[in-house]
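Visitor: If you're matching them up, the sequences are chains A and B in order. Going letter by letter, the first sequence gives residues 1 to 533 in the working numbering. Going letter by letter, the second sequence gives residues 1001 to 1201 in the working numbering.
Just so you know, these hints were derived from the structure itself, not from any lab. Nothing here was measured: the structure is a model prediction, and the numbers come from that model. Accuracy of the hints is not assured; some may be wrong.
Claimed, not checked - What follows is a list of derived Cβ distance ranges for each label pair: (1) B/I1035 to A/L21: 48 to 54 Å; (2) A/T151 to B/R1091: 55 to 61 Å; (3) A/W120 to B/Y1192: 46 to 52 Å; (4) A/K113 to B/V1161: 15 to 21 Å; (5) A/P186 to B/L1109: 32 to 38 Å.
As the list claims (entries may be wrong) - Anything over 12 Å on all C-beta distances counts as not near chain B; from chain A, calculated: (6) H181; (7) E224; (8) Q445; (9) H521.
As the list claims (entries may be wrong) - 27 Å max Cα-Cα, derived DSS-like pairs, lysine-lysine: (10) A/K492 to A/K17; (11) A/K113 to B/K1024; (12) B/K1065 to A/K182; (13) B/K1065 to B/K1115; (14) A/K113 to B/K1167; (15) A/K276 to A/K531; (16) A/K182 to B/K1066; (17) B/K1122 to A/K236; (18) B/K1024 to A/K182; (19) A/K113 to B/K1171; (20) B/K1051 to A/K113; (21) B/K1167 to A/K236.
Each residue gets a CB set at the ideal place from its N, CA and C atoms; glycine is no exception.
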Amino acid sequence: MANHTIAHNVYVPFLEKKGILSWILTTDHKRIGILYLISISFFFLVAGVFALLLRYELLTPASDFVQPHTYNVLFTLHGSIMVFFFIVPGLAASFGNFLIPLMIGAPDVAFPKLNLGSYWIYLLGTVIVLIALAKPADTGWTFYTPYSATTDTDVVLITLGVFVLGFSSILTGLNFIVTIHKMRAPGMTWHRLPLFIWASYATAVLQLLATPVVGITLLLLITERTLGVGFFDPAKGGDPVLFQNFFWFYSHPAVYIMIIPAMGVISEIIPVFARKPIFGYKAIAYSSLGIAFISFLVWAHHMFTSGISDIAATIFSFLTFLVAIPTAIKVFNWTATLYKGSIHLHSAMLYALAFVFLFTIGGLTGLFLGALAADIHLHDTYFVVAHMHYVMIGGTVMGFFGALHFWYPKWFGRMFNETVAKIAWFFIFIGFNVTFFPQFFLGVQGMPRRYATYPAEFESLMSLSTYGSWILGAGIIIMTVNLIAGLINGEKAPQNPYGSLSLEWQVPSPPPLENFEEIPHVTDWSYGYGKKK
Amino acid sequence: MGDGSVEHSHGHHMDPAVEYSSSKLGMWLFLGTEILLFGGLFAAYAIFRAKYPEMFFEQHVELNKKMGAVNTCILIFSSLTMAMGVSAMQRGKQKVTAILILITILCGLGFGVVKYFEYSAKFHHHIYPDTSIFFSLYFLMTGLHMLHVFIGLAILAVLFVLTLKGKFTAKYNTPVEVGGLYWHLVDLIWIYLFPLLYLIG
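If we strip away everything but chain B, and leave its shape as in the complex, we get:
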């Protein structure tokens, strides 16, 4: 999806303005489908929480609020650096953009490391996806989110390399912008997951 260099093999080039607005529209539509994908899990969450409020309340204490909070801060901060990166690219500052994307990548990796410790602690306490409906939801929601973090990191890595190579300018930076949009979605979903799973009651 981050491929904004829409170029026809048979000699047609899209008007840059059309290409820019098309890519942005395409990414927004794609983000809509991502939210619907998570929507199924959010619906399951709503149904089972209404059905078993005690289970959710009793079991959520097993989750590590501090680690969750740290990860929330990390992701929000990474969204800030990504937004700054997009803004820097629009002003043509390639080096600054590259550094900001790199910081964003490091934040994403940091998020993964924290999550790794969280999951390990759960397994250590013999808590698995089949332990209960609550932990099924916990593992599936955070797991699917983690998958999106990895996809986001892959996109960011490509953007980082292309920025270093000088592929983007103040005039042409569509991939940076739509890649940034994707990263914000990753952040946004986590902002919902954190209170829903860690801060019950």
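Next up, chain A with everything else stripped away, as it sits in the complex:
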């Protein structure tokens, strides 16, 4: 496949070239991955600051730090930036870009120029949203009508920005699907693919199928505000619940766009540090596709209290329970992989274990919300907030941090301080639970979400949650500083510090520009740990 005109044995790391043009015009998937990594990390920290501010407002029952309107803006910005700028592109765009060609033994993705174009489109979307911050929206990240059609804040620009981001997401997904179909090295059969690739594939399918629908939904919302179209306006014969249907038809699959890549990361980290072959390879691989499929059939479980029919609610409740099956398959298989393994508690492994533990709590509390009777009570309370943060932080963000620590040596060719990384992990794990576990109780007791003030009886749990957010914030600062310090003065990383069998670890750290000197011939899967040689 490769056209070797350059002499062999000259190792040029992909980070060798310097200068701004070598970055903004790069078509190298590893550099584009870094561009995404920097962008999403930036937005993660920004949206995290918004979270700290709104938790600070909630330290006391009264609205004494910011006005209620500012509070509404804060949670809208926290939610929409976290969702659309960090967690949806997130692992898929950053680690997906870096790892997919390396893991399947390809020199790059199928369409490198399109890949760069996708990043520019992402940037364009961020610029539009930054302009929208002049008069920030106060609708919440879900942009529900009729409020979003009538508020005098700038809904049009922020939704336009999200629409543009959707394009970036679609094109990235398309690129990855074609890459996985067409660019695998000889011998890299479907059942030898690393599980991260299976997860990325399922994610890409979701990006392709779901994103256009939210695109048209947001366009309709924009026409509602600009052209006076009335699809969501009862006064004009429209239906506000139609917006919710459209929105969740995308946004529920989008939840899995956020979580499935993290599941792929966990499936890579656990076998390496348990020194055991992954248990139930095919079950994990196909359960990703199973989750992707079922995710399209459950959207109305966000609307049990919006006035949908009892029959529809019952069917959607049942379908929602079905999602638990492929998800549980993964959790059981990870646990079985750990069983009698020779476990090494590297910081990446700690994040992976935190994922399994926290995601299980997040997943199980989702079943409370999927149950019709319980949901009537729990809908729009802090229980929902706690549930989704257990899935999104306990799941996706733990997976993201795990991936950062695991592939850091490969990507940047440096090591970080492992002891500090473990301390940061400890702060993050404790801080996260102190922040969000009390919110389950608040929700059960009836505390509604999205209010700047609350009754005095909730003060102890609310302030506990705020204290937790400070511990969590401290942990993230320690982790960020540690990782950046590693880039500057970390030790040089060896090629394969963990003895992984996956293809990306068989090339130097950082990988050479062309990934592989010769396209490898794959003869086995990458999970054959613990065999006698």
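Put chain B on the given structure of chain A with help from the hints.
Guide: What follows is chain B alone, placed relative to chain A:
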């Protein structure tokens, strides 16, 4: 998307067969997402037509069936010339391909002109996107389609220039083929829009 000349900046060239099948797969996936984008509008159409059948029946008579029919014929014909262009390129006939792409472009422009007169007539009768749910659907569906006609025309214009420059041969013509696929989608969506909007009842 019409960019099929997948070339790596760092010295890698894809195998032509892989490049061809990758580009085709990529375009088919993209067309799938386009259909889903329109899918939201088709879903809205289905819901509101079931809810207000009388409104759809009464208001659709305002649409000009003749112009709609003419435009349908124009687009179907343009799909034929595009398919012939792809076929000619596969046989290496650059000039014939260029002429056929040019005819396709002229058809697309003709479609736009007819649509311009239709929209003007609507505005003249004070019919706007906010007049009713039916006309909201009419303007949004045909408007989004028109946007796709323009994107298609831009792709065709690039293909026309590149064909004239002799960039494509019997061996390498992936962009012509995937560009053609896009144009067929533009045609196909209109074939659904025409009966749904103009031929109710």
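Visitor: Are A/K113 and B/K1024 close enough, with their CA atoms no more than 27 Å apart?
Guide: Given that 27 Å is the threshold and the Cα spacing comes to 16 Å, the pair holds.
Visitor: Please work out if B/K1065 and B/K1115 have their alpha carbons no farther apart than 27 Å.
Guide: holds, 12 Å
Visitor: Holds or violated: B/K1024 and A/K182, Cα atoms, limit 27 Å.
Guide: holds, 11 Å
Visitor: Mind checking the hinted window 15 to 21 Å against the Cβ distance between A/K113 and B/V1161?
Guide: holds, 19 Å
Visitor: Keeping to a limit of 27 Å between CA atoms, is the pair of A/K182 and B/K1066 held or broken?
Guide: Roughly 46 Å separates the two Cα atoms, so the pair is violated.
Visitor: Is B/K1051 within 27 Å of A/K113, Cα to Cα?
Guide: Violated, at roughly 46 Å.
Visitor: Given the hint of 32 to 38 Å, check if A/P186 and B/L1109 actually sit that far apart at their C-beta atoms.
Guide: violated, 48 Å
Visitor: Below or equal to 27 Å on CA atoms is what counts here, so check A/K492 against A/K17.
Guide: Roughly 18 Å separates the two Cα atoms, so the pair holds.
Visitor: Holds or violated: A/K276 with A/K531, Cα cutoff 27 Å?
Guide: Holds: A/K276 and A/K531 sit about 9 Å apart, inside 27 Å.
Visitor: Verify this label for me: A/H521 is non-interface relative to chain B, using a Cβ-Cβ cutoff of 12 Å.
Guide: holds, 16 Å
Visitor: Taken at face value, is the distance from the CA of A/K236 to the CA of B/K1167 at most 27 Å?
Guide: Violated, at about 53 Å.
Visitor: For the pair A/T151 and B/R1091, does the Cβ-Cβ distance stay inside 55 to 61 Å?
Guide: holds, 59 Å
Going through the hint list in order, the structure does not satisfy hints 1, 3, 5, 6, 7, 12, 16, 20, 21.
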